[in-house]
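Model the placement of chain U on the given structure of chain W, informed by the hints.
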Amino acid sequence: RKEVEQDPGPFNVPEGATVAFNCTYSNSASQSFFWYRQDCRKEPKLLMSVYSSGNEDGRFTAQLNRASQYISLLIRDSKLSDSATYLCVVLTAGRDDKIIFGKGTRLHILP
Amino acid sequence: GAGVSQSPSNKVTEKGKDVELRCDPISGHTALYWYRQRLGQGLEFLIYFQGNSAPDKSGLPSDRFSAERTGESVSTLTIQRTQQEDSAVYLCASSLTRGTYNEQFFGPGTRLTVL
Chain W
1 RKEVEQDPGP FNVPEGATVA FNCTYSNSAS QSFFWYRQDC RKEPKLLMSV
51 YSSGNEDGRF TAQLNRASQY ISLLIRDSKL SDSATYLCVV LTAGRDDKII
101 FGKGTRLHIL P
Chain U
1001 GAGVSQSPSN KVTEKGKDVE LRCDPISGHT ALYWYRQRLG QGLEFLIYFQ
1051 GNSAPDKSGL PSDRFSAERT GESVSTLTIQ RTQQEDSAVY LCASSLTRGT
1101 YNEQFFGPGT RLTVL
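Protein chains in written order, with our numbering: chain W, 1 to 111; chain U, 1001 to 1115.
If we strip away everything but chain U, and leave its shape as in the complex, we get:
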C-alpha cells in the first residue's frame, strides 16, 4: 500500500523566499507529525496534528514557520522568509492515532537548501 509521501523531494531556494512543503499521510492515519533533521543531527519535533487540529505547536522554531492540515489528510509546512539555518531535511510522519504503541511511518523527507 502507499506510504507517506512528501513533495518536493529537494528544494533549493534563496534566502528570504517562502517555501511550502507538502506531506500526504497514509490514508486513515489521524495523527501527522513534522520533524526537522539538520545534517548529522537528531530529529527535532516541530508540530503534530490530531485530525486537522494542532494541539502542540511548541516545536515550531519561530513565527516564520506555520503548518496546516485539511481534510484530515494533506498537510503543508510553510516557512516564510527562509534563512540559511532553515536548511535541513523536513520529515513528515503519520500514525493511526496519537497514542501508545502507534508506530510512526515516515515519509522520505524534503531536503531544503537555503542559499
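The following block holds chain W by itself, in its conformation from the complex:
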C-alpha cells in the first residue's frame, strides 16, 4: 500500500455543486495533515491544515478519520476558480520527520 494515496481524478463538477475527495495514508503514527492546492504550472500553496476535530474555512471543510486512516476535503458551492489539483500532505514525526505529498486529485469546475 502506498504511503499516501489519492484518486487522481479528474473530477468534473458543475459550478455550484458540492464535491468531496479523500486521501488515505498507511502509517498510523502520522500526526499532521494538510491540503495544498496547485494550479496548472504553478507551485503548491497551503489550502488548510487538517485538525483532529475537523475544521472549516469558508466553503472548505477538512476532516480526519484516524480509525480508517484518511482525510477528506469537501468544497461547497464550487466556483470556477476552484479548478486545480488538490494535494494531500501527511507528516509523520519521528527521529527523521517524514513529509509525504500525495500525487493530487485534479478538479475541474464546469460552467
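One thing to keep in mind: the hints can contain errors.
Straight-line C-alpha distance at most 16 Å; calculated EDC-like pairs for lysine to aspartate or glutamate [what the hints assert, rightly or not]:
#1 U/K1017 to U/E1103
#2 W/K98 to U/D1056
#3 W/K98 to U/E1044
#4 W/K45 to U/E1103
#5 W/K79 to W/D39
What the simulated footprint calls covered on chain W by chain U, stretch by stretch (three residues with Cβ under 8 Å from a Cβ of chain U suffice, anywhere in the stretch; the number is not a length) [claimed, not checked]:
#6 40-49
#7 98-109
Note that these hints are calculated values from the structure, not bench results.
C-beta atoms are modelled at their ideal positions from N, C-alpha and C, and glycine is treated no differently.
Then chain U, alone, in the frame of chain W:
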C-alpha cells in the same frame, strides 16, 4: 515580504552536462526542501535541510544528485551528467522549522529540460 525564489526559472541543457539550481528561502526559515515534479505527476521528495544539515537524503534519485546549503540560507541542487529523465520542474520550499503545522512555502520552481 519576499517569498521563496528560485533561479533560473528555466534551464535547457544537453545530456551529459552539469546543472546547478538555486533556491533562496524566506529569511529566517530554518527548514528547506527540494522536490521534483515531472509533467503531470505528483511531488517527489528529494532532500531537506534543517539549518545547513541534511538529515534525510533518501529521496535523491542517484549519486548524480547533490545539494548543499550555506549560512542557513541559500541552497544549491546540483545534477551532474544530466539525463533526459531528469527533465522536470524542481521545486524548493522553506518553512519556519521542521515540525508539525509548519506551512511549507514553495518557490516558483526551475523547469529543467534535458535534450
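Tested hints:
no.	hint	verdict
1	U/K1017 to U/E1103	violated, 35 Å
2	W/K98 to U/D1056	holds, 9 Å
3	W/K98 to U/E1044	holds, 13 Å
4	W/K45 to U/E1103	holds, 9 Å
5	W/K79 to W/D39	holds, 14 Å
6	40-49	holds (count 6)
7	98-109	holds (count 7)
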